[in-house]
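Asker: Take a look at the letters that make up each chain.
There are 2 protein chains.
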Amino acid sequence: MTMSEVNVEPVMVTTAPPYAALKKNDALPTVLTIAGSDSSGGAGIEADLKTITSHRCYGLTCITALTAQTPERVYAVHNTPKSHLKLILQSNLRDMRVDVIKTGMLTDDAVDVLIEVLGAIPKEQRPSLVVDPVLIATSGFSLAEGNSTVLKIKELAPLATLLTPNIYECAQLLGREFACNDVNDLIKAGEELRAITKCPNVLVKGGHAPWIGKNGGKYVTDVLCSEDGHTIYQSEFCAVDNTHGTGCTLASAISSNLAHKESLGHAIYGAIQYVHNAIQIGCQVTLKHVKENGPINHVYAIKMPLKEMIEDVCYSAHNLSLEEDDRASNCSSSSVISQIRDSGSFFQYLISDSRVKPYWEAYINHDFVRQVADGTLPREKFRFFLEQDYAYLDNYAQIHCTAASKAPTDADFRKSIEVVSSIKVEMEKHREKMIKHFGISDMKHFDEIKKSPALKNYARFFLDVAKSGSWEHLCVALSPCLMGYGNALLIRQNDITVPEDDIYHTWCKDYLSPWYTDAMDEGLILLDRICQMTSDWDALCEIYAAVCKLEKEFWDSALAYHESKSVDNASA
Amino acid sequence: MTMSEVNVEPVMVTTAPPYAALKKNDALPTVLTIAGSDSSGGAGIEADLKTITSHRCYGLTCITALTAQTPERVYAVHNTPKSHLKLILQSNLRDMRVDVIKTGMLTDDAVDVLIEVLGAIPKEQRPSLVVDPVLIATSGFSLAEGNSTVLKIKELAPLATLLTPNIYECAQLLGREFACNDVNDLIKAGEELRAITKCPNVLVKGGHAPWIGKNGGKYVTDVLCSEDGHTIYQSEFCAVDNTHGTGCTLASAISSNLAHKESLGHAIYGAIQYVHNAIQIGCQVTLKHVKENGPINHVYAIKMPLKEMIEDVCYSAHNLSLEEDDRASNCSSSSVISQIRDSGSFFQYLISDSRVKPYWEAYINHDFVRQVADGTLPREKFRFFLEQDYAYLDNYAQIHCTAASKAPTDADFRKSIEVVSSIKVEMEKHREKMIKHFGISDMKHFDEIKKSPALKNYARFFLDVAKSGSWEHLCVALSPCLMGYGNALLIRQNDITVPEDDIYHTWCKDYLSPWYTDAMDEGLILLDRICQMTSDWDALCEIYAAVCKLEKEFWDSALAYHESKSVDNASA
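First to last, the sequence lines map onto chains G and W.
The first sequence begins at 1 in full-length UniProt numbering and counts up by one.
The second sequence begins at 1 in full-length UniProt numbering and counts up by one.
The hints are simulated quantities; they were obtained by calculation from the structure and are not laboratory data.
Just so you know, even glycine gets a beta-carbon here, dropped at the ideal spot from N, CA and C.
A couple of the hints might just be wrong.
As the list claims (entries may be wrong) - To give an idea of the interface, some chain G residues facing chain W are shown, with a C-beta separation under 7 Å as derived from the structure:
no. : residue
1   : A16
2   : Y19
3   : D26
4   : L49
5   : G59
6   : L60
7   : Y233
8   : N257
9   : G265
10  : T402
11  : S405
12  : T409
To be verified - For lysine-lysine, the following DSSO-like pairs were computed, each having C-alpha atoms within a straight-line distance of at most 30 Å:
no. : chain 1 : residue 1 : chain 2 : residue 2
13  : W       : K218      : W       : K24
14  : G       : K86       : W       : K82
15  : W       : K549      : W       : K218
16  : G       : K429      : W       : K444
17  : G       : K456      : W       : K424
18  : W       : K24       : G       : K288
19  : W       : K261      : W       : K288
20  : G       : K424      : G       : K451
21  : W       : K456      : G       : K451
22  : G       : K456      : W       : K82
23  : W       : K467      : G       : K291
24  : G       : K467      : G       : K450
25  : W       : K82       : W       : K198
26  : G       : K24       : W       : K86
27  : W       : K424      : W       : K357
28  : W       : K24       : G       : K307
29  : W       : K549      : G       : K24
As the list claims (entries may be wrong) - Pair ranges (Cβ atoms, derived):
no. : chain 1 : residue 1 : chain 2 : residue 2 : range
30  : G       : R529      : W       : E177      : 53 to 63 Å
31  : W       : D312      : G       : R355      : 16 to 26 Å
32  : G       : Q532      : W       : A411      : 52 to 62 Å
33  : W       : D312      : G       : D410      : 57 to 67 Å
34  : G       : D312      : W       : V8        : 40 to 50 Å
Go ahead and model the full structure; you've got the sequences and the hints to work with.
Answerer: This is the structure:
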């Protein structure tokens, strides 16, 4: 037996992050899930716990059955004995604070136990109860024990705060098929269910019946029917293969928001939004032969703890961390590095990348610029463009403040602060231009400009990167605006035929001026520098592509602007 | 059946946050937990899934047994049949990507199945295996099926990447008690276990054997024994009652970090830090009669999704949200509001609060200020104080940039930017002072000042509030510095006996000047305004108290400074 010498410095574990630590002995909202287990993790109590945890709540369980299942199929089901279920439920209610109960896949035994135990609690002390009447799983596999489950759900419903059937489950609970031609049919079904089940609130989920919208896009409606009326929630339809566990997730998310003391309407909004995000973003955790019905991404908003710890002022475990080089030193990295070198600059690499190129080309060849250069752009569209540009400047200032706060060097910090300081000047110049060229006389006009949908999308992206991304990601996101306007005008530089005294002429010339070209040169150098600071080049390409698309859409929206429809254009 | 009219605007669910949405079909790292279920949620697969989710990984399960338990006791255990275990494990490995396997409470059947199934996979394709040899639960309750479990663990160990026994489990696996007098004993035990189990890495957890440090404080060491030596992890001992589930949580956190491709040493650091934070911060989810052994706080770093959604530019569900007034309109709120009114100002309310008062009083009556005022403070201590103050200015600038980015009005924004712009001037003044009064000649000196532990703590708090807190929280955190220095000098204003040409005299007079008093008046108004913007006054008191304590400790550290021990004082 060798005895190593204690000659190494211990790795110091710090105290908890001080701001988080102010919430000592946090009385976390609690949610108890009574459902089956899905061993592959996509649905059942697994999805419930993932959802509850992601909602900053404390989860408890009462597992009704163990299913051996994956997205491929349900291999076997092992029910939990009734006596054990009762012990679990009673012990949880006896020793733990239970704010909300959520049910999923229930066996007949589980329903009997729940009705018995809940019924023994005085009504005003009972936890809220969200019942997801699981009769058909998203995979189409019937987990229910036959029609008796429908009857069992109906026994449970009067004790529930909310029922969340999809349209198939609606039909089974109503005992008949029902027409599903528009949202009124969903409302009718929900109202009827409220009446026959005596559950005060019913959320009819329309995910299996997408509608076609005015612009041809598909959308989905979920309808909440309550005592005082109904609420329609509308989302874009996500055409993806992986939707396993959405029902469990939605009901758990609603339960979590209720446990946080949100109103029912707002709790449901937050849950639908969460599920939508988890579906849209998605994850890839199944093996190749599994083609569909994979799980959704419960953790899309969660940050890896170790990444946060590394940024803590008191972190001191640097020597334990793998060098980024070590982690990145694999075939694909070396190949990317050669490609970057061959491109000549990181900027060239970015705009040549197959994800970026189509958006970059569409952006810098945009007809908006041509129309300004040859003077054919209708005046009201340019005015709209300038107003939207102006309306963005407060967000622009916020974003550069965040960039400054994350700046790695003093020089980077000063540069961002210079931009911030110059924004106020920029705003004055904008106002002068608009007063002079568009005859605006009321200064209040500038405070009342409504952000168009295109501008909101644009601002939204940058605010999200500023909040959640690194300094490098933010700098890369800020690049296309600088490089794109300059390159777009370079393309048109011999076609600026609008008269010199025209505001259009000045606008074009600004982007061809020496100071602007100098700024672009600095931008090239910054990108090369960032390229060396990180090996996350894929993410940088995705960001560059996304912003080029937003820039293009900003100009699209100016071209599409109509003075008479100004309300529609500018509305949220 | 009533038919409600569709006369309401639908609530629009937006697309996913655009930056998060860049990670489409994220190949999340996956962790499969093979363990028992703890229905009260504190340990077992429940704690595992909470941990895995909090680490931004995808969790799968293979539940070995259903336990009906709470922190009070284990009421019953229902084992999963062997055939079902095998189906679950095989289906997971067949259809899902499994990066790391973590084991907790294992039945003999579970071990047999695991050895059989893992053994059938070629070694290089096997997932990493982290074995937490659960023999004694934190509650002292023996979950193991007797000595056969020890033998079973030993059968499993050669297949494992890492074993994580606590000292009791060490003893059982070694087959004998062992002395535990200092960290060398832990290292010896770990090395011996490596040898007899053939597991290449053993983490001996010292949580049950805290040591007494030089300064009398208790600390804990965990020791990793590997092929190339050992690593000691040192943390402060947390004297709390709630530590249920720490073993499960630690092994799952290590597994999650390994799944993220961290080195073993760094994965363990992150896991120990995570568990430490979860224990230190804690949560309260049990009912009053449960006095101890409650669970830890897995979600301390997680933000409630709906709170984030509300801040999204495209959020439009405002009308569904309860007014803050509605939520706050209860007895305790009205009482606080009266107290604030009776205090005369929110500032007075804050410094009179029982949590704040002792720290505020200790701060403004600090002997550091007396010694500066009467000239008795040794010069090297004042120099050290100025140097630390100077070293803080870059963080101070970052923090005000963040305040600017979150500022609710243009006036608030400008104020923060003014502070940022003036910091560079401030830094020059500091340097001039130090050159003039302390004979510093080398400009490089200023770049080489090491942040003292007191300064690191101070900066750490503000950086954490800036990152994770609201604008209101940050403003309240920035208040004690302004109000405290002013009040401390007001207390001493008739006792400034040091000569007028002395730097000490100037320092004191600055805080009594009209511009400083004006600034404090503005500070009072700001606090009153913030008081009306939020009903989270408890949090504001906690923040005020925490910062007064940090200010006091900053002056403590100046008084404790010794020139000869400059290395110790300034070191990390």
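Asker: Run every hint past the structure and note whether it holds.
Answerer: Quick rundown of the hints versus the structure:
no., hint, verdict
1, A16, "4 Å, holds"
2, Y19, "4 Å, holds"
3, D26, "5 Å, holds"
4, L49, "4 Å, holds"
5, G59, "5 Å, holds"
6, L60, "4 Å, holds"
7, Y233, "5 Å, holds"
8, N257, "6 Å, holds"
9, G265, "4 Å, holds"
10, T402, "5 Å, holds"
11, S405, "4 Å, holds"
12, T409, "10 Å, violated"
13, W:K218 with W:K24, "46 Å, violated"
14, G:K86 with W:K82, "24 Å, holds"
15, W:K549 with W:K218, "22 Å, holds"
16, G:K429 with W:K444, "41 Å, violated"
17, G:K456 with W:K424, "35 Å, violated"
18, W:K24 with G:K288, "17 Å, holds"
19, W:K261 with W:K288, "42 Å, violated"
20, G:K424 with G:K451, "19 Å, holds"
21, W:K456 with G:K451, "42 Å, violated"
22, G:K456 with W:K82, "56 Å, violated"
23, W:K467 with G:K291, "41 Å, violated"
24, G:K467 with G:K450, "23 Å, holds"
25, W:K82 with W:K198, "27 Å, holds"
26, G:K24 with W:K86, "42 Å, violated"
27, W:K424 with W:K357, "34 Å, violated"
28, W:K24 with G:K307, "20 Å, holds"
29, W:K549 with G:K24, "17 Å, holds"
30, G:R529 with W:E177: 53 to 63 Å, "59 Å, holds"
31, W:D312 with G:R355: 16 to 26 Å, "25 Å, holds"
32, G:Q532 with W:A411: 52 to 62 Å, "41 Å, violated"
33, W:D312 with G:D410: 57 to 67 Å, "33 Å, violated"
34, G:D312 with W:V8: 40 to 50 Å, "47 Å, holds"
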